[in-house]
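Q: First residue of the sequence shown: 1, per this note's numbering; consecutive thereafter.
I should point out that these hints are in silico values taken from the structure, not numbers from a laboratory. It is possible that some hints are incorrect.
Stated by the list, open to error - Cut-off 25 angstroms, straight-line C-alpha distance, at most; resulting in silico cross-link-like pairs (BS3-like, lysine-lysine):
1) Lys206 x Lys82
2) Lys58 x Lys148
3) Lys209 x Lys38
4) Lys177 x Lys125
5) Lys171 x Lys209
6) Lys209 x Lys96
7) Lys58 x Lys82
8) Lys58 x Lys157
9) Lys177 x Lys58
10) Lys180 x Lys146
11) Lys58 x Lys180
12) Lys82 x Lys157
13) Lys177 x Lys206
14) Lys96 x Lys125
15) Lys177 x Lys38
16) Lys157 x Lys112
17) Lys209 x Lys58
Claimed, not checked - Here are the in silico distance ranges between beta carbons for each label pair:
18) Ala143 x Thr174: 42 to 52 angstroms
19) Pro190 x Ala79: 35 to 45 angstroms
20) Ser173 x Arg81: 34 to 44 angstroms
21) Ala79 x Asp124: 35 to 45 angstroms
22) Lys206 x Phe48: 27 to 37 angstroms
23) Lys146 x Lys96: 12 to 22 angstroms
24) Val175 x Asp42: 36 to 46 angstroms
25) Tyr50 x Asn207: 21 to 31 angstroms
26) Gly170 x Tyr50: 51 to 61 angstroms
27) Ile246 x Tyr126: 32 to 42 angstroms
28) Lys206 x Val186: 39 to 49 angstroms
29) Asp124 x Val199: 13 to 23 angstroms
30) Ile246 x Gly170: 51 to 61 angstroms
Every residue, glycine too, gets a C-beta built ideally from N, C-alpha and C.
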Amino acid sequence: MPEHRTQNTGYRIRFLLFALCSLLFALNGIALAELTAKANHDHITIDFFYHGSSVSVKGISEPGTDLIVKITSPERHEALRKKGKVAGFLWMNVGKLTFERAPFLYFLHSTKNIEDILGREEMDKYVLGYPALSRHMEVTPVANDKEKNIWFNEFLKYKESSNLYSTSSGKISTVTKNGKQEYSIVLDWPYQASPDNYVVTVHAVKNGKVAETAEAKVLVEQVGLVKGLADMAKNKAIFYGIISIIAALGAGFGVGLVFRKGGGAH
Numbered sequence: 001m002p003e004h005r006t007q008n009t010g011y012r013i014r015f016l017l018f019a020l021c022s023l024l025f026a027l028n029g030i031a032l033a034e035l036t037a038k039a040n041h042d043h044i045t046i047d048f049f050y051h052g053s054s055v056s057v058k059g060i061s062e063p064g065t066d067l068i069v070k071i072t073s074p075e076r077h078e079a080l081r082k083k084g085k086v087a088g089f090l091w092m093n094v095g096k097l098t099f100e101r102a103p104f105l106y107f108l109h110s111t112k113n114i115e116d117i118l119g120r121e122e123m124d125k126y127v128l129g130y131p132a133l134s135r136h137m138e139v140t141p142v143a144n145d146k147e148k149n150i151w152f153n154e155f156l157k158y159k160e161s162s163n164l165y166s167t168s169s170g171k172i173s174t175v176t177k178n179g180k181q182e183y184s185i186v187l188d189w190p191y192q193a194s195p196d197n198y199v200v201t202v203h204a205v206k207n208g209k210v211a212e213t214a215e216a217k218v219l220v221e222q223v224g225l226v227k228g229l230a231d232m233a234k235n236k237a238i239f240y241g242i243i244s245i246i247a248a249l250g251a252g253f254g255v256g257l258v259f260r261k262g263g264g265a266h
């Protein structure tokens, strides 16, 4: 009889330990499931008066975590003309470079320098930072990694000059209230960003690892007459071309009338 009671006691202890572990895991999950992300002005419309906009990203996270805000477009194929010397002194187009798995737009902002809060493995896993993006993208034709890095850097210069690629650290504002960390960042949205669905991804980083991830969306689309003309150019190219020629001729005729009324050229 005592042996039977001992066995029952052992079963109860194991059951209680199992229940306690399950509760701890559940509480840990609740503690980590705090990250939220919201993009204010998540629907940007392009009309005749459009010249860029702004997007703010805000949310809450666990206190003490570092944050990374990434905004990207779907990956695509991009191409650049490759220039080189011909006959020893003429700079001309000598070929074409293709960039595969390249986001059209890539914004990355973090509370601290990203290399100080994440290791290479995590950066590569989530494609965070230019070095990780370089390793993620494919550039052809190149002879080796050194040449790939050269052309990737040229690609970056082109993208940054077009306001389509940007990175920073320290621009995310954070404040702790009621046991939660509130964060926010306001970004200029470039007019060069084409109509598309953009993804805002926020990563919470703890102990050198991505602990949580939250997402939001930003839709950019053409509206009104701009959309009508774009659809016409795409689906009725001949008709669009005729209208463009007529508009150009009309503009030229109008300029001629202005000069004649003004007494002609001086």
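Q: Can you list which hints this structure breaks, lowest number first?
A: Per hint list: 1, 2, 4, 6, 7, 8, 10, 14, 19, 21, 22, 24, 25, 26, 27, 28 violated.
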